[in-house]
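For chain S, the structure is supplied; the task is to place chain X on it using the hints.
So you can see what is in the structure, the chains are spelled out below.
Number of protein chains: 2
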Amino acid sequence: MKISYEPIGIINTPFKLKKGMPIQSNGAKGIKGTVTVKKEYSEGLKDLEGFSHIYLIYHFHKSQNYSLTVKPFLDNNFHGVFSTRAPQRPNSIGLSVVKLVSVTGNVLEVENVDMLDGTPLIDIKPYIPDFDVFEVEKVGWTNNKTENIDAIKSDNRFE
Amino acid sequence: MKISYEPIGIINTPFKLKKGMPIQSNGAKGIKGTVTVKKEYSEGLKDLEGFSHIYLIYHFHKSQNYSLTVKPFLDNNFHGVFSTRAPQRPNSIGLSVVKLVSVTGNVLEVENVDMLDGTPLIDIKPYIPDFDVFEVEKVGWTNNKTENIDAIKSDNRFE
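Just so you know, the protein sequences line up as chains S and X, in that order. If you're matching positions, the first sequence starts at 1304 in the working numbering and goes up one per residue. If you're matching positions, the second sequence starts at 1304 in the working numbering and goes up one per residue.
One or more of the hints may lead you astray.
[To be verified] Taking lysine-lysine pairs in the DSSO-like style, the calculated list, with each CA pair at most 30 Å apart, reads: (1) X/K1332 / X/K1319; (2) X/K1321 / X/K1335; (3) X/K1342 / X/K1448; (4) S/K1335 / X/K1441; (5) X/K1374 / X/K1319; (6) S/K1374 / S/K1335; (7) X/K1448 / S/K1305; (8) X/K1319 / X/K1448; (9) X/K1322 / X/K1341; (10) X/K1441 / S/K1305; (11) X/K1335 / X/K1322; (12) X/K1305 / S/K1321; (13) S/K1349 / X/K1322; (14) S/K1448 / X/K1374; (15) X/K1349 / S/K1441; (16) S/K1305 / X/K1305; (17) X/K1305 / S/K1365.
[As the list claims (entries may be wrong)] Between beta-carbon pairs, the in silico distance windows are: (18) S/D1433 / X/K1305: 33 to 41 Å; (19) X/T1407 / S/T1407: 49 to 57 Å; (20) X/E1462 / S/P1432: 24 to 32 Å; (21) S/A1454 / X/G1323: 46 to 54 Å.
In short, the hints are calculated from the structure, not lab data. Cβ atoms here follow ideal geometry from the backbone N, Cα and C, with glycine treated the same way.
Just chain S, with the same shape it has in the complex (with noise of 0.2 Å):
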């Protein structure tokens, strides 16, 4: 079974290499996008102007392999790759949540973004805290590895 989709709109970033990038949108604070939505999907923005914050779906599109087992930017030790959100996945599917700013006609204005310039998106879902916050029991191997990730930028690893 092949799933396929074709992008409603591209994301524009700052960053334009892989190195040097904030690795999750919690450690790019204040950093401006624009995601611009194609035309044709113009009135499905209708309303998100009342979200402060939405999820952007995108394609990793720089990925061009991917392994079982990485080294996340976290981390020195390989760990499975579905328990990272490293790039180099068997799906290159990528997911953040950024700050909705303004939307102007098929254009929005976004904040923390911490995708390349260039990405295609996928999907736009708007972050509800009663739907996606949850308490949890247990991080894994980001234990005490995540609350430095301002500091902490991409390297070449995934090249």
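For chain X alone, kept in the frame of chain S given last:
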């Protein structure tokens, strides 16, 4: 540009019909399901059992068409599809956070499932509060509508 994904596995749940389902995983507390990852990807599950909550990204395989404006289950007004979590999206992609109970080989036992039985799985990512919990300023049209999601079930509106 076409984006092509292959399912990495399948999600089995008690839900054979679209009608009467929980509308979010937070409204599906304790409902058990199984995620069977293809054997060729088993190694990618290494260390996943360390996490109590995971994202499942999946294909709404029973969603044939899309609408740019929809009446979501929580409301009787039309909203742009991207400001809802409705399945009738240009790219029929779904996102749920479920509780991970166990990992045995390539099979995950999970709880809080809100998807149809037989749903094709596209990706798994760990849920990490430091990356995934955001303070929001506003939740748009969903304001005051999300507290009782336990009581709200799907109906046939997206048939």
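Each hint tested on the structure:
1. X/K1332 / X/K1319: The given pair, whose Cα atoms are some 18 Å apart, holds under the 30 Å limit.
2. X/K1321 / X/K1335: 17 Å, holds
3. X/K1342 / X/K1448: 41 Å, violated
4. S/K1335 / X/K1441: 19 Å, holds
5. X/K1374 / X/K1319: Holds, at about 23 Å.
6. S/K1374 / S/K1335: Distance ~28 Å between S/K1374 and S/K1335 Cα, so the pair holds.
7. X/K1448 / S/K1305: 36 Å, violated
8. X/K1319 / X/K1448: 26 Å, holds
9. X/K1322 / X/K1341: 29 Å, holds
10. X/K1441 / S/K1305: 37 Å, violated
11. X/K1335 / X/K1322: Since the Cα atoms of X/K1335 and X/K1322 sit roughly 18 Å apart, the hinted pair holds (cutoff 30 Å).
12. X/K1305 / S/K1321: 23 Å, holds
13. S/K1349 / X/K1322: Distance of about 26 Å is within 30 Å: holds.
14. S/K1448 / X/K1374: Distance ~42 Å between S/K1448 and X/K1374 Cα, so the pair is violated.
15. X/K1349 / S/K1441: Measuring from Cα to Cα gives roughly 15 Å; hence the hint holds.
16. S/K1305 / X/K1305: 12 Å, holds
17. X/K1305 / S/K1365: 15 Å, holds
18. S/D1433 / X/K1305: 33 to 41 Å: 35 Å, holds
19. X/T1407 / S/T1407: 49 to 57 Å: 50 Å, holds
20. X/E1462 / S/P1432: 24 to 32 Å: 30 Å, holds
21. S/A1454 / X/G1323: 46 to 54 Å: 48 Å, holds
Violated hints for the displayed structure, listed by number in ascending order: 3, 7, 10, 14.
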